[in-house]
Every structure is written in C-alpha cells, then in structure tokens.
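There are 2 protein chains.
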Amino acid sequence: MNIVCIGSGNVATHLAIALKAMGAEIVQVWSQDSRNAEILAALTKAKPVLDWQEIDRSADLYLIAVKDDAIPAVASHLKGVKGIVVHTAGAIDMNVLQGAGSGYGVLYPLQTFSKTKSIDLTHVPFCIEADRPGTLEKIAAVAHLLSQQAAELSSEQRKILHVAAVFACNFTNHLYHLSSQLLEQHQLKFDLLKPLITETAQKIQNALPSDVQTGPAVRDDQETMKSHLELLEGSPELQQLYETLSTSIKKTHLL
Amino acid sequence: MNIVCIGSGNVATHLAIALKAMGAEIVQVWSQDSRNAEILAALTKAKPVLDWQEIDRSADLYLIAVKDDAIPAVASHLKGVKGIVVHTAGAIDMNVLQGAGSGYGVLYPLQTFSKTKSIDLTHVPFCIEADRPGTLEKIAAVAHLLSQQAAELSSEQRKILHVAAVFACNFTNHLYHLSSQLLEQHQLKFDLLKPLITETAQKIQNALPSDVQTGPAVRDDQETMKSHLELLEGSPELQQLYETLSTSIKKTHLL
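Residue numbers (the working numbering), protein chains in the order written: chain A, 1 to 255; chain B, 1 to 255.
Honestly, I wouldn't trust all of these hints.
One copy or any two copies: either way a pair holds, since identical chains are not told apart in the list.
[Stated by the list, open to error] Straight line, CA to CA, 20 Å or less: simulated SDA-like cross-link-like pairs of lysine to any residue: (1) 251 to 240; (2) 251 to 98; (3) 251 to 234; (4) 67 to 214; (5) 194 to 114; (6) 45 to 67; (7) 45 to 9; (8) 251 to 181; (9) 47 to 206; (10) 117 to 198; (11) 250 to 240.
Worth flagging that the hints you see were computed from the coordinates, not collected in a lab.
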C-alpha cells in the first residue's frame, strides 16, 4: 500500500510511523512547514513535498492529518487522485472531503498524541466512516493494520465522542497542570500526585466514574470545601474552577 | 503493634486490612455504624466497638479515619490513652489532636480509596507529621510498614497537597463521569474513552502536564470550540464547564 501523508504534526507522525512499521510505503510527506516535512519524511523514508503540484496522484491512500480548519483546502487539492482520501479529525464532518479521491472517509484515532512519547496503537479505538461500503472496507483494513479496535461511527457520533474526549482528556490534563502549578507555588513536588493520578484513571477501567467519586464535594463536606477556598485565596481562577466543579459534583450526586 | 481503628469507611478499611497483613494486631474497630464496624472487625479479626467506654486504652496506635469534622470529637475521647493518636485526613490540622494519647500526629495516604477496589499501597505517598521527634519516628515506622514512600509535611503543606489532589483526582473523576454521561445520552460506549484516559494519566508520569496539553483550546481552534458548544446545547452545565476550562487552558498557554 502506497500512502501520501498530508501533515507532519503529532497525529501524522504517529500514524505514518506505525503504518510504515506495518509494511506500508509512505511515498510522500506533504507539509507547509518544510522542516517538519523533512523530519517526518526522514523517519518514514518518504519524500518531503511542499508544493501541491508535486503530489503523487497515484497512491492508494491519502492520509490527511492537518489542523481541522485546513482540511477543506487540502481536500480540494486531492480531487481526481487515484486512491482514497481520509481525514483523521474528531470534529470534522466526513462530507468536507466530498469529491476527493476515488472514495473518501474518516480514520480517527481516539487518542492523545505527543511527538515525544511513543504510543502502542494496538488498543487505540479507531473510529471509521466512509462514503460507501467499498471505501469503508479499505479504511477498515488500514485501521486493523494499526489497532485491534475499529468502530464504525457516523460524523455526528464521532463529534460527540470528540467532545467527550475533550472533557476526559484535554480538560483532565489541564487539571493536572493546575494542580502541579499549585504544588510548585508551595515548593511541593508534583511527583507526590502521580500515584493518585494513575489510580484515578485505573479505577474507572472497571467501574462507573459516578460509583467511585470521592472527595469533599460528594461527601458534602462544607468545612473542607470552605477551607480549600480559603487556601486558594491567591488564585481567583482556581477558586472559580473549584466552585464550579464542586457544584457540578453536588448536582450529580446529592440532588 | 496493637491498633485501635476508629472509623470503618474506605480509608479505615484499606489501612486496617493492610496493617493487619503486615503483622499488626487490630484489636478494635470503633464505628458509629454498627454494621460497618462489624464488617471491618470481621475482616481484620478485631472486636467491633460502638461505645467509647469500651475502647481499649492501652493500644500502641489509635488510627482515626472518620469524616473530617468528626475528628475533634473523636480526639476528645482519646485523652489519656497509652499509645499515639494519628488522623488520616488531608485537610485537617494536626493540632486538633492536641492532648490526645502519649503523642499525636498525622498519617495521610495520598490516594483515592473505594471499598470495592483493592489498592497496592506500596507506592502510595504517606504524608506524615508529629507533635515531636519521638512520635514522628513511630509514625514513620507505621508508614514504612505500608509503603515505600513517606514524606514529612507540615499541616499547611498537607492542606495544599490535599487541594491539589481534589483537582487532579476528584475533579478529574467527575470529568470522566460527565463524558460518560454524554456518551450514554448518544448511545455510545464509555469503553471507547478508556484507552485515552489511561494514556492521559500515563503521559504526565514523565512529562509536565503543560508540555503535553492537547485539544482545541491549546490550539486556539475557534471553529472546533464553537461546534463543540453547539453540540452541547442541550446541556447548559456542560457548556459552562467547557467555556470555563477552555478559557483557563487558553490563559495558561496562549497569553
């Protein structure tokens, strides 16, 4: 399978390297950033490309992994190419690819990618969608090269999943950041929290989050919440988040 | 070592069972809930006790693991007992124990406990504090029975750590809940998010959370955030949280 990789960010990097490792040929890496294109091309023995004129139009798969709002423009460059065209975004409708390639669809890995950390994709759910059954089969084959988990989801379902992932991952990571910052301000090590963070994520693998909620809000422990808000007096932002999230916990568990 | 366990909730249960497993003798379990006292007493071969008059006053250690605001009242019952008295709360000053036992202090395990899930305490940080060096030595010995990690923290430091833990654990778990609920409303399985949740917690074990932040807010991806807010139109509470947390991410990363 010959693949043209459009993009050189986190998702492009992880997918291209994994596909290469599974025996696919990455023929080209397109990026508007020439340095990033060269790095990913070097990692996957591909050719870096900056100019749309030079795109190989006879590849089997065009893998779009660029910033969400750049996807429609990329798709317009891929009209008439031989292979199928997929994007990898959680929040973007499949139909923005209409007219691109000999078929089009979505291959969305539900995971958080950082360039500096390698990820075993085997257990990452890949959400797939296609313009028609023939394309879906091809996209499913690509998904199964990478992972044991592929789920066919409509664009609407995928978007909901993407919002849910923002809460469970992006917002969660930001809470980790806020807590690390608070500790730093008081000369305490973030390392102290790491076993707790691991256990919190571990716990919900076999339990509903609402069944394992702990902390002062779910106990309606007024005294502790009051003293926490006092401790946060120097950080109005943390105070506001503390109140908003505690209220939300109480709404869930105490009403 | 003879221990009287005061309380029969999550923390009391995990600590008493672990101490018993390490060879300590749990002589009594006090609880105001007779059924819970009996259950934990049965698990640790202790005697359940409901009446303060019956408390064994010659034990080596009195382990208080009750609701935060009940600690001062418990401490008043432990004046004059032979052993040392510790509480296990993150948010409560050590000095509420003043006058209890032959020495007093804190043994706070920084972890989230649910009765139904067993936890390996070996890597749980125990925050310890004592009225004087002799007591500290004894509390450190108990901590080291349970875990490889003990850190001496003042009451002020422990309180900060406790607030940070509320952000990193309690609020995080609530975000898991909100995302699971959103998926459920759209007939999607929470299972899809579990690998992502694991990876998000895994990632910060060796990186600063701020260095691995992902998602639309840190990219300042306006279109995606707008479409997410539209998708959440049926849930004003989620919309508000989405905006508050996205603003906080932008403040951290984009200003």
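Hint by hint, here is what the structure shows:
1. 251 to 240: The answer is both: 16 Å in one copy and 14 Å across copies each meet 20 Å.
2. 251 to 98: Cα proximity of residue 251 and residue 98: none, with 43 Å in one copy and 37 Å across.
3. 251 to 234: between (27 Å within a copy, 16 Å between copies)
4. 67 to 214: Answer is between: at 12 Å across copies they meet the 20 Å cutoff, but 37 Å inside does not.
5. 194 to 114: Intra 19 Å, inter 18 Å, cutoff 20 Å: intra and inter.
6. 45 to 67: neither (23 Å within a copy, 61 Å between copies)
7. 45 to 9: within (17 Å within a copy, 58 Å between copies)
8. 251 to 181: between (28 Å within a copy, 13 Å between copies)
9. 47 to 206: Intra 45 Å, inter 33 Å, cutoff 20 Å: neither.
10. 117 to 198: both (17 Å within a copy, 14 Å between copies)
11. 250 to 240: Classified as both; 15 Å inside a copy, 16 Å across copies.
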